[in-house]
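Enquirer: Chain residues, written in single-letter form:
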Amino acid sequence: MNNLIRSTARCLRSGAAVYNVPGRADGRVWSAPARFLCAAADIQKDLGEMVKKDKVVVFMKGTPAQPMCGFSNAVVQILRMHGVDDYAAYNVLEDQDLRQGVKDFSNWPTIPQVYFNGEFVGGCDILLQMHQNGDLVDELKKLGISSALLDAEKESK
Amino acid sequence: MLPSVLRCTRPIPTCLALARPLAHFRTHMDPDPSRPVEKAIRTKLTSSLKPDHLEVHNESHMHAVPPGSESHFRVLVVSSRFDGLPLIQRHRLVNEALKEELSSCVHALAIQAKTPEQWGRNPSLAKSPPCMGGSRGDHTVEEKLRTGRE
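Line by line, the protein sequences give chains Z and U. Each step along the first sequence adds one to the number in numbering that gives the first Met the number 0, with nothing skipped, and position 114 is 113. Each step along the second sequence adds one to the number in numbering that gives the first Met the number 0, with nothing skipped, and position 137 is 136.
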């Protein structure tokens with residue numbers, strides 16, 4: 000399971016769709032973890048691991064390369080603006096169990112959902128406001144990520 | 000149906016437009032007393048958060064759902080109940096107030112939760128990003144729309 004998640008993160012870094020099972024030549028997105036998570040309790044347990052495996056985790060509709068929702072796309076764009084391209088993104092449209100499971104796990108009714116260091120940050124609205132008021136740069140710094148916007152600001156001085 | 004399809008296939012504008020809140024805009028649909036979900040949202044938010052200012056916008060027409068749907072909303076709540084609370088706690092209060100709607104017919108809820116002081120400094124409504132068609136063919140949304148009509 001851990002290897003699958005790690006390979007998912009790697010796939011994401013290369014811009015490919017997430018939830019790819021290693022070795023599937025056709026590249027079709029397949030929600031392999033969902034097939035293993037038959038019980039709701041399993042999903043909750045796996046989500047507990049999923050949100051901690053990577054510093055930045057996003058549950059969204061579609062993929063960073065092809066978002067299927069304007070709000071999910073906004074999250075992707077904001078992270079991109081800050082130069083955050085190494086994050087785990089899970090496509091809830093591929094897996095209804097995950098889609099409901101993450102809402103129960105976070106006690107949050109909508110998608111997208113953003114996690115920093117295993118802690119739930121919020122959805123699109125919150126990330127956008129954090130971006131606008133400068134908090135996002137600080138939060139990324141706490142994760143050891145230097146925002147591209149901060150670097151750009153330094154270079155212009 | 001066709002116009003909404005065209006809206007969703009328009010090229011996605013750069014997200015830089017979202018970098019700053021845009022000027023206040025009015026929905027093209029005036030509040031209609033017969034819209035039960037919008038009414039319920041107003042009633043519940045008023046009752047639980049005692050807002051100084053409240054705006055409830057049905058944005059379903061901006062998404063890939065049938066005309067007349069009540070599935071996608073944007074709310075602006077200005078309340079002193081938010082004083083001292085981080086954004087996430089404010090949003091959780093709104094979510095809690097609208098728990099029933101969110102678990103039944105409301106598919107998307109965009110929230111702005113401001114204190115009266117914040118609203119005074121910046122009285123503007125944010126604008127939702129363009130739809131990317133995710134609701135089309137989404138059976139979860141179809142179920143929610145059915146729930147809303149029952």
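Keep in mind the hints are simulated off the structure, nothing from the lab. These numbers were taken from a predicted model, which means no experiment stands behind them. Incorrect hints may have been included.
Claimed, not checked - Looking from chain U toward chain Z, a few residues come up when the C-beta cut is under 8 Å (computed):
| # | residue |
| --- | --- |
| 1 | T45 |
| 2 | S46 |
| 3 | L53 |
| 4 | L86 |
| 5 | I87 |
| 6 | N94 |
| 7 | A96 |
| 8 | L101 |
| 9 | S102 |
| 10 | L108 |
| 11 | A109 |
| 12 | P115 |
| 13 | W118 |
| 14 | P129 |
| 15 | M131 |
Yeah, the Cβ is synthetic: ideal placement off N, Cα and C, and Gly gets one too.
Enquirer: Compare the structure with each hint and give your call.
Expert: For each hint, the structure was consulted:
At about 20 Å, the closest approach between the beta carbon of U/T45 and any beta carbon in chain Z exceeds 8 Å, and the interface hint on this residue is violated. Contact between U/S46 and chain Z, as hinted, is not supported at the beta carbon level, the nearest pair being about 19 Å apart and thus beyond 8 Å. Against a cut-off of 8 Å between C-beta atoms, the interface hint on U/L53 is violated, since the closest Cβ of chain Z lies about 16 Å away. Because the smallest distance between the Cβ of U/L86 and any Cβ of chain Z comes to about 5 Å, under 8 Å, the interface hint for this residue holds.
At its closest, the beta carbon of U/I87 sits 5 Å from a beta carbon of chain Z; the interface hint therefore holds under the 8 Å criterion. With its C-beta approaching chain Z no nearer than about 6 Å, U/N94 sits inside the 8 Å limit, and its interface hint holds. About 12 Å separates the beta-carbon of U/A96 from the nearest beta-carbon of chain Z, more than 8 Å, and the hint is not met. Checking U/L101 against chain Z: minimum C-beta separation of about 4 Å stays under 8 Å; hint holds.
Interface hint at U/S102: satisfied, since its Cβ lies 7 Å from the closest Cβ of chain Z, which is below the 8 Å cut-off. Taking 8 Å as the C-beta contact cut-off toward chain Z, the hint placing U/L108 at the interface holds, the least distance being around 6 Å. Hint on U/A109 holds. Least Cβ distance to chain Z is approximately 6 Å, under the 8 Å limit. The interface hint given for U/P115 is broken, as the beta carbon of that residue sits about 17 Å from the closest beta carbon of chain Z, more than 8 Å.
Below 8 Å, beta-carbon pairs count as interface contacts, and U/W118 has none with chain Z, the closest being about 14 Å; its hint is therefore violated. The criterion of a C-beta within 8 Å of any C-beta in chain Z is met by U/P129, whose closest approach is roughly 5 Å, and the hint holds. Below 8 Å, beta-carbon pairs count as interface contacts, and U/M131 has one with chain Z at about 5 Å; its hint therefore holds.
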